[in-house]
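Asks: Each chain, letter by letter, is given below.
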Amino acid sequence: MSIVNITIIDREGEKHKVEAPTDMNMNLMEVCKSYELPVEGTCGGMALCSTCHVYVRSEHGLSEMSEDEEDMLDQAFFVDDDLSRLGCQIPITDDLEGLIVELAPTAE
Amino acid sequence: MMIETDILIIGAGPCGLFAVFEAGLLKLRCHLIDSLPQPGGQLTEIYPKKPIYDIPGYPTVLAGELVEKLMEQIEPFKPGFTLGERAETIEKMEDGRFKLTSNKGTVHVAPVIASAGGLGCFEPRKPPIGNIGEFEDKGVEYIIKDPEFYRDKNVVIAGGGDSALDWTIFLADVASEVTLVHRRSSFRGALDSVEKVMELNEAGKIRLITEAQVVGLEGNGKLESVVIKHKKVGEMKKGTQHFVPLFGLAPKLGPIAEWGLNITKNAIEVDTLDYSTNVPGIYAIGDINTYPGKLKLILCGFHEGTLMVQSAFKHIYPDKKLSFKYTTVQGVNGFE
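Protein chains in written order, with the working numbering: chain A, 29 to 136; chain B, 273 to 608.
So that you can see chain A by itself, here it is in the shape it has in the complex (with noise of 0.2 angstroms):
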């Protein structure tokens, strides 16, 4: 089994290092959840509700944006064109070794 090391900010501001397995088929939203971390994944993983919306804050080379992914963030809030991903798009895979995501703040 093979594991790579992600920091994810939460709202407050804290850092969570986190192990999150690379051959679970397990994406990004997923595994903030498998830490108990605030993110809803509302509508399971189909990018359909950007509540793992996240900013990306290390230089790793993501995977291209599906139209799905870019229709939702269209509709989300505090959207930054060069960060902003939804979480439930991210597979976890080795090149992801060292990721600092932000969790994005919630409407209300």
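Hints are computed from structural coordinates only; laboratory data are not their basis. Treat the hints with care, since some could be wrong.
[Stated by the list, open to error] Quick list of in silico lysine to any residue cross-link-like pairs, SDA-like style, CA-CA up to 20 angstroms:
1) B:Lys592 with B:Arg301
2) B:Lys321 with B:Gly433
3) B:Lys398 with A:Asp108
4) B:Lys321 with A:Asp96
5) B:Lys501 with A:Asp102
6) B:Lys350 with B:Val604
7) B:Lys477 with B:Asp424
8) B:Lys537 with A:Phe105
9) B:Lys592 with B:Thr578
10) A:Lys61 with B:Lys524
11) B:Lys504 with A:Phe105
12) B:Lys321 with B:His303
13) B:Lys425 with B:Gly461
14) B:Lys322 with A:Gly69
15) B:Lys568 with A:Ala75
[To be verified] Counterexamples of contact, computed for chain B against chain A with all Cβ distances above 10 angstroms:
16) Met274
17) Asp278
18) Ile318
19) Tyr319
20) Asp326
21) Lys350
22) Lys398
23) Pro399
24) Tyr414
25) Asp424
26) Leu579
27) Pro590
Backbone N, C-alpha and C define an ideal beta-carbon position, used for all residues, glycine too.
Given the coordinates of chain A, assemble chain B onto it according to the supplied hints.
Replies: Just chain B now, kept in the frame of chain A:
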């Protein structure tokens, strides 16, 4: 108007719908209330065109199709529907039944309530503008109920999806002035709607402001202007009578939290014996409930509803004998 039934189901998603079938087999009538204007819950509202692969007997089925099939399956049991209304308050009456009143004042009376409320109620997503609450119904509307309301008025719409585009096109002929504000320069709605909006903009029938967001609201008791922040130009003020942010719907737990039910992490605690809550006569099935080992699957919600109605029957008719029958033996004997 007062609606009386045996089981009042809160939420017309797949689990609520299937519970009607299982209740019907026991000759219990059901009525469903849902805040959305159509049945199906998140299947219809969030992902109607997505395939589901874990419904037994269906190698694949679109979420929207599953809802249609469920509606067909429960039709013999003639369920009632209160749609587009949110279950607001629940009171216990002297005769032991519950009285549930909707946000629009519709009264429902039943000896059993089953919450199949899924993720809660779908409500419009409100943009994070500090004082937006002050102007709700005083110039800020999240839903367009009657387009005539905007006749000869000045309207600013925000959003980039289909509803923002469609209403911009529709109101172009109704309102005196329509401005559409969108965060990006491109739109992701249906192509012909996007083209129509571009045409209207070029013809001067609407005003399109892209790469911009509404960041402030001003007015004295009612909305008078919005502050629009453009990516390059900076902030500008625009006089308007109405601001309509259209950013889709998101689920909120809502009034469920105020009914005296034990709640853990936004879900209602139930006993897996019969999916009863801490309040006798109130049950919870589907995504809204929680118990050790809970999985949020439609499949599991169907099972939960099936066991729930057995217990509901005993709650309603404590002295009646209930014998379990297979549909293959008994058939489906609907209500007149």
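Asks: For each hint, tell me whether it holds in the structure or not.
Replies: The hints, checked one at a time:
1. B:Lys592 with B:Arg301: Given that 20 angstroms is the threshold and the Cα spacing comes to 16 angstroms, the pair holds.
2. B:Lys321 with B:Gly433: The given pair, whose Cα atoms are some 17 angstroms apart, holds under the 20 angstroms limit.
3. B:Lys398 with A:Asp108: Distance of about 18 angstroms is within 20 angstroms: holds.
4. B:Lys321 with A:Asp96: 13 angstroms, holds
5. B:Lys501 with A:Asp102: Distance ~17 angstroms between lysine 501 (chain B) and aspartate 102 (chain A) Cα, so the pair holds.
6. B:Lys350 with B:Val604: At roughly 12 angstroms apart (the allowed maximum being 20 angstroms), valine 604 (chain B) and lysine 350 (chain B) satisfy the hint.
7. B:Lys477 with B:Asp424: Distance of about 13 angstroms is within 20 angstroms: holds.
8. B:Lys537 with A:Phe105: 24 angstroms, violated
9. B:Lys592 with B:Thr578: Within the cut-off at roughly 18 angstroms; holds.
10. A:Lys61 with B:Lys524: 19 angstroms, holds
11. B:Lys504 with A:Phe105: At roughly 19 angstroms apart (the allowed maximum being 20 angstroms), phenylalanine 105 (chain A) and lysine 504 (chain B) satisfy the hint.
12. B:Lys321 with B:His303: 27 angstroms, violated
13. B:Lys425 with B:Gly461: The hint is violated at about 25 angstroms.
14. B:Lys322 with A:Gly69: Cα-Cα ~17 angstroms, so holds.
15. B:Lys568 with A:Ala75: Holds - the C-alpha atoms of alanine 75 (chain A) and lysine 568 (chain B) are around 18 angstroms apart, at most 20 angstroms.
16. Met274: 34 angstroms, holds
17. Asp278: Given that every Cβ of chain A is farther than 10 angstroms from that of aspartate 278 (chain B), nearest at about 32 angstroms, it holds.
18. Ile318: 5 angstroms, violated
19. Tyr319: 6 angstroms, violated
20. Asp326: The assertion about aspartate 326 (chain B) holds, with a minimum of 12 angstroms to chain A.
21. Lys350: Holds: least Cβ distance 33 angstroms, greater than 10 angstroms.
22. Lys398: About 6 angstroms separates lysine 398 (chain B) from the closest Cβ of chain A, which leaves it inside 10 angstroms; violated.
23. Pro399: 6 angstroms, violated
24. Tyr414: For tyrosine 414 (chain B), whose nearest Cβ neighbour in chain A is about 12 angstroms away, the distance exceeds 10 angstroms, so it holds.
25. Asp424: 30 angstroms, holds
26. Leu579: The assertion about leucine 579 (chain B) holds, with a minimum of 24 angstroms to chain A.
27. Pro590: 39 angstroms, holds
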